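Keeping the supplied structure of chain Y fixed, place chain D upon it in accordance with the hints.
There are 2 protein chains.
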Amino acid sequence: MGIIVQKFGGTSVADSDKIKNVARAAIKEKENGNDVIVVVSAMGHTTDNLIKLAGEITSKPSAREMDMLLSTGEQISMSLLAMALNEMGHKAISLTGLQVGIKTEDCHMCARIIDIETTRVKKHLKEGNIVIVAGFQGVCKGNEITTLGRGGSDTTAVALACAFNAERCDIYSDVEGVYTADPRIIKTAQKLDKISYDEMLELARLGANVLHPRSVETAKLYNMKMRVRSSFKLDDLGTLIIGVEEMELNKPVTGIATDSSQLRIVICDIEDRPGNAAKLFNLLAEAGLSVDMIIQSYARTANNTNDIAFTIAKSDIDKFNSMKDKINSILKAGNIFIDEDIVKVSAVGAGMIDRPGIAAKMFDTLAAEEINIKMISTSEIKISCLVEKKYATSAAIALAHAFELDGAQIADVKGDLPVV
Amino acid sequence: MGIIVQKFGGTSVADSDKIKNVARAAIKEKENGNDVIVVVSAMGHTTDNLIKLAGEITSKPSAREMDMLLSTGEQISMSLLAMALNEMGHKAISLTGLQVGIKTEDCHMCARIIDIETTRVKKHLKEGNIVIVAGFQGVCKGNEITTLGRGGSDTTAVALACAFNAERCDIYSDVEGVYTADPRIIKTAQKLDKISYDEMLELARLGANVLHPRSVETAKLYNMKMRVRSSFKLDDLGTLIIGVEEMELNKPVTGIATDSSQLRIVICDIEDRPGNAAKLFNLLAEAGLSVDMIIQSYARTANNTNDIAFTIAKSDIDKFNSMKDKINSILKAGNIFIDEDIVKVSAVGAGMIDRPGIAAKMFDTLAAEEINIKMISTSEIKISCLVEKKYATSAAIALAHAFELDGAQIADVKGDLPVV
Chain Y
4 MGIIVQKFGG
14 TSVADSDKIK
24 NVARAAIKEK
34 ENGNDVIVVV
44 SAMGHTTDNL
54 IKLAGEITSK
64 PSAREMDMLL
74 STGEQISMSL
84 LAMALNEMGH
94 KAISLTGLQV
104 GIKTEDCHMC
114 ARIIDIETTR
124 VKKHLKEGNI
134 VIVAGFQGVC
144 KGNEITTLGR
154 GGSDTTAVAL
164 ACAFNAERCD
174 IYSDVEGVYT
184 ADPRIIKTAQ
194 KLDKISYDEM
204 LELARLGANV
214 LHPRSVETAK
224 LYNMKMRVRS
234 SFKLDDLGTL
244 IIGVEEMELN
254 KPVTGIATDS
264 SQLRIVICDI
274 EDRPGNAAKL
284 FNLLAEAGLS
294 VDMIIQSYAR
304 TANNTNDIAF
314 TIAKSDIDKF
324 NSMKDKINSI
334 LKAGNIFIDE
344 DIVKVSAVGA
354 GMIDRPGIAA
364 KMFDTLAAEE
374 INIKMISTSE
384 IKISCLVEKK
394 YATSAAIALA
404 HAFELDGAQI
414 ADVKGDLPVV
Chain D
4 MGIIVQKFGG
14 TSVADSDKIK
24 NVARAAIKEK
34 ENGNDVIVVV
44 SAMGHTTDNL
54 IKLAGEITSK
64 PSAREMDMLL
74 STGEQISMSL
84 LAMALNEMGH
94 KAISLTGLQV
104 GIKTEDCHMC
114 ARIIDIETTR
124 VKKHLKEGNI
134 VIVAGFQGVC
144 KGNEITTLGR
154 GGSDTTAVAL
164 ACAFNAERCD
174 IYSDVEGVYT
184 ADPRIIKTAQ
194 KLDKISYDEM
204 LELARLGANV
214 LHPRSVETAK
224 LYNMKMRVRS
234 SFKLDDLGTL
244 IIGVEEMELN
254 KPVTGIATDS
264 SQLRIVICDI
274 EDRPGNAAKL
284 FNLLAEAGLS
294 VDMIIQSYAR
304 TANNTNDIAF
314 TIAKSDIDKF
324 NSMKDKINSI
334 LKAGNIFIDE
344 DIVKVSAVGA
354 GMIDRPGIAA
364 KMFDTLAAEE
374 INIKMISTSE
384 IKISCLVEKK
394 YATSAAIALA
404 HAFELDGAQI
414 ADVKGDLPVV
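Protein sequences appear in the order of chains Y and D. My numbering numbers the first residue of the first sequence as 4 and each following residue consecutively. My numbering numbers the first residue of the second sequence as 4 and each following residue consecutively.
Bound conformation, chain Y alone:
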């Protein structure tokens, strides 16, 4: 008995039949004796269609009007879900971000939630309603509609769960949980029953494509239990995401992730002077570029210059190109090489803390497969290696096997590397 927050993504509400299915999932929790708050995304391709419409009108829409436009998507799916619940004999009410009182920063398209009012939702829950809340949106001063940017609906759900001191926040989508490796690559990858916030954060950032890191960070901060589960298999409990202190750490590595969404840039012959690296990354930050892995080579004795290599998202390449001349003129660098033919393979596990030899085992495993490592980066619970893209699958399979994450045997993998 408590409050359960459920969040359903775009594929889970893509048409009227799927919306009815979501209604059944909400009713199931309600009939378990819980109060239920449901957060919905926009239906399937609604957001894409709205963005396309805006694109027909202008290439540089105002962020405020984009928020006005895109926030309609959730309003449509939530009202339809309320109707479906009514039709099935349950009381339900849908609320916009404004009606709930999801207060955000005074900023459009990437606002952060700063406060959630609880009075109105509590009243509706007390009256026996299943309360449906528009994901992704909030309101700032002047009743201006804001949206939360990428991963917004997950964030809405977790923030609501925290604000209402919910038992749990269930994130429903078309995946059944968090796996030890990408099940599209490693056919015998196993679904994890539990994973810690930190492990999930690393996996989320690495493109495991299940949860947005913002929502996991919030859950970790408030120690809110999350579940990743399938909206098409309501009896499957999916994966529970909890604090590491609640977990038994059996294996050093919990999951293997591959990420082919990045490219590597190498800037050659930067003069080895203090401040040059800072200048470079300031220029990149100015262009709005998030840099992931960074390697600076040792200064070459001959001409006292460095090479700096780093990775950025492929989708940011235009931003980088627009900065290229500036980089050249300020840093007086040499050639700039752009390498798209890469994939980042990572091993993640809270169990690797204070357990030596994991990195060595990873490098050994890749070496045994004759896979050359181009870059390495590590965190307390993660080791990532950049390798040639063609090795994505074989690297993932070898690592899953080495770290005992692949169940019975390695499946025969065919087909192209999926973009994860």
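Simulated from the structure, these hints should not be mistaken for lab results. Errors might be hidden in some of the hints.
If several chains are the same, the list does not tell them apart, and a pair holds so long as it fits within one copy or across any two.
Calculated pairs, DSS-like style, for lysine-lysine (alpha carbon to alpha carbon, straight line, at most 30 Å) [said to hold, decoys possible]:
1) 55 / 94
2) 106 / 126
3) 129 / 197
4) 144 / 126
5) 129 / 228
A quick note: this is a predicted structure, and the numbers were derived from the prediction, not measured.
Showing chain D alone in chain Y's frame:
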């Protein structure tokens, strides 16, 4: 120099090109030195598509959730219009009913506007913005979203014009103005430069399909000038709607309208006792049925019973059928006949007040065409006759000719009777 309110219907904002056209119309008024408030409807078939989606989920959606659903339509078109205006170099901001402060009754799907706050819109106008307001929607207590029902966007526009003491309220659509008769029937029907509120009201109620009577009633009450004009011919001034005191009345009849959206119901053998008619019409009102023409025959001496005939909208026939048994049991009536094969032909004109002989001329004209009149109703400025549907065109042509509304000559009319 003043405030001009412009309203654009669904066909005027049906796609991105048409939205750009609307932007040009707004800019034109702005460049004339006026402050401009634009009211928009939902794009083309958006509302129909949303209603269809709701229909896939339930046959009896809650009115509150329908308002939540349908109010997204205007939010989409208004944000796109703001983007188009920005793209053309003009400041613009779109506002929901809530953001403006369009306060309505505490009621869904047919709320009436009770107050409009002017502070925020005035501020944006002063900053040089073209202000775009969502038509059809308002807000009641608890920030609940309401919609105004049929003709809602016209009503929003006129109410805003009144609240802001505008110079004029221009209603743009795909028609070029108000005609002396339906130009699809009478090819030489003439566009009126001016028409009085009362005449427009009668024509609007009769299905001239140009303006919703609610908006005309509001304009009349506040003596707000309206213009009906085409969004595809921006140089055409359309038809001005003003008070009768500002008009010269040359002809007794200003326009001829046909309306084939109704059907006639005859209830036979109702006992002729005081209160029976009241009982009947109370039952109909209870079912939410709006009755238009009513005729009660003289009591027949034989069995002291009456026949009562009346017309209702064809779209209300299900509501009537659901009441049939109740009517039979309470009134102990005889047969009930339903006649769909009718059309209402009306002559409207403020000039017929205190001018005898207009009704006689109308009946004579129809008789000369051997058209039998099934029912008659009159108001101060209108005479309506119910005739067999097949006579719709010939009756309209004959009357337009009799009252000198048809310009040079009667056009050759082919094709089916359009539903007007």
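We went through each hint and held it up to the structure:
For the identical chains of this complex, residue 55 and residue 94 are inter-copy neighbours only, at 22 Å across copies versus 36 Å inside a copy, given an alpha-carbon limit of 30 Å. For the homomeric pair residue 106 and residue 126, the shortest alpha-carbon distances inside one copy (19 Å) and between copies (23 Å) are both at most 30 Å. Taking the shortest Cα distances, residue 129 and residue 197 never come within 30 Å of each other, neither inside one copy (32 Å) nor across copies (58 Å). Taking the shortest alpha-carbon separations for residue 144 and residue 126, both the intra-copy value of 24 Å and the inter-copy value of 15 Å come in at or below 30 Å.
Proximity of residue 129 and residue 228 under a CA criterion of 30 Å is satisfied intra-copy only: 23 Å inside one chain copy versus 50 Å between copies.
Checked against the numbered hints given earlier, the structure breaks only hint 3 and satisfies all the rest.
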